[in-house]
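Go ahead and model the full structure; you've got the sequences and the hints to work with.
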Amino acid sequence: MKLKISISALAVLLAIPLSSAAQDMPRFRWENFTTANGLPDNHVFCVLVDGNRVWAGTENGLGLYENGTWKIFRPATRDDQQGLTHQAVLSLAVDKRTGDVWAGTMGGLNRISAGRIDNFTQLNSGLSNDIVYGVGVQGDFVWTATAAGASRLDTRTGQWALFNERNTPMFEIWTYAVSPAADKVYYAVWGGGVLEYDVATERWKDYNDPDGETEMVLMKDQGLIHEITTSVSYVDKILWVATYFGASRYDGRYWHNFLQKDSGLPSNFLNQIKGVDGNRAWFSTDKGLAYFDGTNWAVYRPALDTHKPEMLVRDAEGKVTAIPVDSAPAHNYILGVDFQGDDLWVATAKGLSHGIRQRGSNETAKVSQEQKAIGNK
Amino acid sequence: MRSMATITAKAKLAAKIAPIAALLLFAALARPAANPARSGISERYLSPIEMVLSPDGRQLYVVCQGSNELRVVDLESGKVVSTVPLGRAPRGLTMSPDSAQIYVTNSTDDTVSVIDAATMRVTRTLATGFEPAGVVADRAGETLYVANRLSGDISVINVKTGQEIKRLLAGRGASYLALSPDGKFVYGTHIYPKLGAFRKQPNSEITVIDTASQTVVERKRLHNVAGVFHVAFSADGKLGVTTQLRPKNLIPLAHVEHGWVFGNSLTLFGEDVGGTVQVPIDELDRYYSLPWGVIITPDKSKMFVTTAASESVTVIDVPKLLNYVRARREPFVNDLSASANYVTARIPVGHNPRGVLLSKDAKRLYVANRLDDNIAVIDTAANRVVSTIDLGGPKTINPLRRGERIFFTADYAFQGHFGCSNCHLDATIDGLEWDLEPDGFGKDIVDNRSLEALSGTEPFKWNGGNPDLPTECGPRVEKYFFRSQSYGDHELTDLVTFVYSLPYRPNRYRLPNSELSPAQERGKAIFERTTYKNGKPIPQANQCGYCHSGPKFTNRQQLDVGTGKPTDRSPLVDVPHLPNVAYSAPYLHDGSAQSLEEIWTVYNPKDQHGVSNDLTKDELNDLIEYLKTL
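Top line first, the protein sequences correspond to chains C and A. The opening residue of the first sequence carries number 1 in our numbering; numbering runs sequentially from there. The opening residue of the second sequence carries number 1001 in our numbering; numbering runs sequentially from there.
Think of the hints as simulated: they come from the structure by calculation, not from any bench. Even for Gly, the Cβ is constructed at its ideal location relative to N, Cα and C. Do not rely on the hints blindly, as some may be mistaken.
[As the list claims (entries may be wrong)] Footprint (simulated), chain C over chain A, 3 or more residues, beta carbon under 8 Å:
no.: 1; segment: 1167–1179
no.: 2; segment: 1195–1201
no.: 3; segment: 1211–1220
no.: 4; segment: 1593–1599
[To be verified] Dumping the calculated EDC-like pairs for lysine to aspartate or glutamate here, alpha-carbon to alpha-carbon at most 16 Å:
no.: 5; chain 1: A; residue 1: K1617; chain 2: C; residue 2: E165
no.: 6; chain 1: A; residue 1: K1220; chain 2: C; residue 2: D80
no.: 7; chain 1: A; residue 1: K1238; chain 2: A; residue 2: D1182
no.: 8; chain 1: A; residue 1: K1238; chain 2: A; residue 2: D1299
no.: 9; chain 1: A; residue 1: K1166; chain 2: C; residue 2: D140
no.: 10; chain 1: A; residue 1: K1479; chain 2: A; residue 2: D1411
[What the hints assert, rightly or not] Sample of chain C residues lacking proximity to chain A, with all beta carbon distances greater than 10 Å (derived):
no.: 11; residue: R29
no.: 12; residue: L64
no.: 13; residue: Q87
no.: 14; residue: M106
no.: 15; residue: V199
no.: 16; residue: D277
no.: 17; residue: K308
no.: 18; residue: Q340
Here it is, written out as structure tokens:
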């Protein structure tokens, strides 16, 4: 709270004139969805954009927003044998090739394919555990992060492969997120750092906090910032990692860590990280949504004290500028983000937010092109 | 795996077997050699199943499933003019839009043969999913779609590179495809229902693929349908139709005389009817069993449906049908009087008619009589067979062929209702649980077992009540199922000969050279283990390999493994054979386990069905990976 006040005060001092960084950072008009306008529940755990369709995984159902209306998926009923394995939807992924959407829940994994729902649980399939925190698609494989290790389903053969403490360096089996790519698959292991699977060699490697401290950072930029990892995002051969104690970026050789005290992060408590490319990323924290463009930072949230819409920009010199805005994400507790062209969709603790990109006078066509690239990632 | 065969249970079993003991002598005499080759049967029948027409309409290309060939018929002379060797068990075919290539799926080889239509030679062989059946090309001829029956998906293949781009999720037993007349969509059907909750009505789908995005964009749900076959369109694209079965598997089969076993029917869809409309083709006192092939005349005046088990073609007046559908606002698929309003003729044809095709002028209809090795030619104006094209198969009909004809006909059943092949689709399974006997509603529910390589797996029936195949297929079938005509002694022997001849399908989970993957190797060790993980010996009767022993992985005994239900008359179940077990979900004697996993995660709480509760999830997965290789 103290830090927040100091940032706000500093922002007022530096607000006029707006710095170049402040003018170049992306601005949004936020439209928020709650149960009042069709969202299945206001606790939104995850969001997935698939073209014109937006999927929102909530505590009480999966919402599909398409053509201005919401369709809700929940567990099967007597009238409809088709349904999710559980109403709490924790993770989402789309197979871009087939259009199938995979939904991890508190009670199993689901494949939603053109309206059909197939259920996979630890009882009826080889899934390692029913609590599916993360899911990702890599070619014909569907990788899941569960409360009892990692699972991989070969959708062509139906074969499941499980990865846990018995066949990987996973000394904790509480896997929290997965980011699969053609060459590597990364897992955030809650309390166990990061695991890397090399697709070519089929070997696992772990990355851990070199100082091993839970409350302190003794060896900054010498490895992963903390063992309690919550999210990974592997883009352009750069690994972004979110933890409850800061964020990390790893290029295969060097680590760079981000802490609230020396970056524009509004909090060290991160629920999700999503890389745009090797230099840019979005950070979902408990105190707002943050964006890092490689040099400057922006934070989008309802102000922590007044709850009024707030956008703060921190430049490379650490100067913080408040940008006048009239809307903000539904809540500052952010759980996830996904891209839709220039727009953002944001999962929060009090609703789903649609960030509609606004064009400022100084925003260049280049930025627009860059954001279009975001949507294609 | 643990025997609970108490004295009482044994006495019950003995009492059960006693009434049929008199049949044993007959059975021993009737049982034929399992291997047709060993029994001196050498004829190789052609078994034509699907056809396409050459662009000029002068030649018919016929896929011969039994002889692994494409036979080319000159329609003017009615003679076979060339033959193209294919892969094993070819099943579906299509022609490229420019007519330069013919594509034929080889269901046993998991491939598509690409035939140069000019030279009639196979120029390429493309890999597909498991057991490919239907195939279509897109309008541009750049992409092939192949329905894979065993993997339940649709391969999307780049024609130029020959590479499979991706697989799309389809219905279980994906089999038949059709391109919409505008080329925008591929429609697919599947022969096994979706696995669902135990003892619930089966559901199926028509899978709709957008050829632009090459993704599934819609699944038309078909309620109470299990077994969907060909799909066809009117030339204007406004009317689509599939052939299908509506099984009544939740109520006792004893009610066959009330018409409560199968509803032979169609699903109509498209602009002409709105959503989907199911329509019956049966009559009040006669059934037209196993509707399979279907085609609509270009002027949309008639629809022809082959009824594979009734040896006939049903002719439907399309305008009358559409008027009737529009007039009936409520579902009428169970109204057996309805067909009188739109069925205009039933044309007798040969044995097991399958593929159906119209000549370019639509004056002739060609029907592939699969078990006659010929093509019936029908005058579409007169609705009668005017000639038959002999494809050149063997002239003698051996016991195996006679048995196959019996297996695939509904002629023996009350009012021609159904035959063996209604439940054993293409001599496999139907994926359903049935309430077969007149013992009360919901009692002794049985899963449909595989018929592959049955020799050496006796006795039969879920509780081992039938000591041999003649008993299983003979009096039991006649009494409880067909309720009409009995098999003669020779007929039963022929039928048993055919059933015993059914081979294993290739196991797709085995590695070359009989090697096992690391997971399969670990699973094998679990299957064969004799001790708990703590080193304590597992009682012999609780070891997997005790009950599932021998070449077919069954010791052929009847045991209580804790899977009996309160509605079962006895807790004793016959130990099933395991080869190709991966293909025959659901599992357990009553089909209550929807997957191999559920056998142990749900239905083995006391370790009576083998010791599984000391296994980790990884180890159970390994065991299942091994079982899939058997």
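Now the hints, each set against the structure:
A stretch counts as covered by a chain when three or more of its residues have a beta carbon under 8 Å from one of that chain; for the segment 1167–1179 of chain A and chain C the count is 3, and the coverage holds. With a cut-off of 8 Å between beta carbons, the segment 1195–1201 of chain A has 3 residues touching chain C; three or more are needed, and the interface restraint holds. Counting residues of the segment 1211–1220 of chain A whose CB lies closer than 8 Å to any CB of chain C gives 6, which reaches the minimum of 3, so the coverage claim holds. Closer than 8 Å: that is the beta-carbon criterion, and the segment 1593–1599 of chain A has 4 residues meeting it against chain C, so the requirement of 3 holds.
At most 16 Å may separate the alpha-carbon atoms for a hinted pair to count; K1617 of chain A and E165 of chain C meet this at roughly 13 Å. Between K1220 of chain A and D80 of chain C, the direct Cα distance comes to roughly 15 Å. Compliance with the 16 Å bound is thereby established for this hinted pair. About 10 Å separates the Cα atoms of K1238 of chain A and D1182 of chain A, which keeps this hinted pair within 16 Å; it holds. As the CA atoms of K1238 of chain A and D1299 of chain A are separated by approximately 12 Å, the hinted pair is consistent with the 16 Å bound.
Pair hint K1166 of chain A plus D140 of chain C holds up; C-alpha atoms about 8 Å apart against a cutoff of 16 Å. Using a Cα cut-off of 16 Å, the hinted pair K1479 of chain A and D1411 of chain A holds, with the two alpha carbons roughly 15 Å apart. A cut-off of 10 Å between C-beta atoms confirms that R29 of chain C is not in contact with chain A; the least separation is 31 Å. Non-interface call for L64 of chain C relative to chain A: holds, since the shortest CB-CB distance, roughly 14 Å, exceeds 10 Å.
Every CB of chain A is more than 10 Å from the CB of Q87 of chain C (nearest about 18 Å), matching its label as outside the interface. For M106 of chain C, the condition that its CB be more than 10 Å from all CB atoms of chain A holds, with the nearest at approximately 18 Å. A cut-off of 10 Å between C-beta atoms confirms that V199 of chain C is not in contact with chain A; the least separation is 18 Å. Every CB of chain A is more than 10 Å from the CB of D277 of chain C (nearest about 26 Å), matching its label as outside the interface.
Chain A leaves K308 of chain C outside its interface by the beta-carbon criterion, the shortest separation being 44 Å against a cut-off of 10 Å. The non-interface label for Q340 of chain C is consistent with chain A: the shortest C-beta to C-beta separation is roughly 18 Å, beyond 10 Å.
Comparing the model with each numbered hint stated earlier shows that all of them hold.
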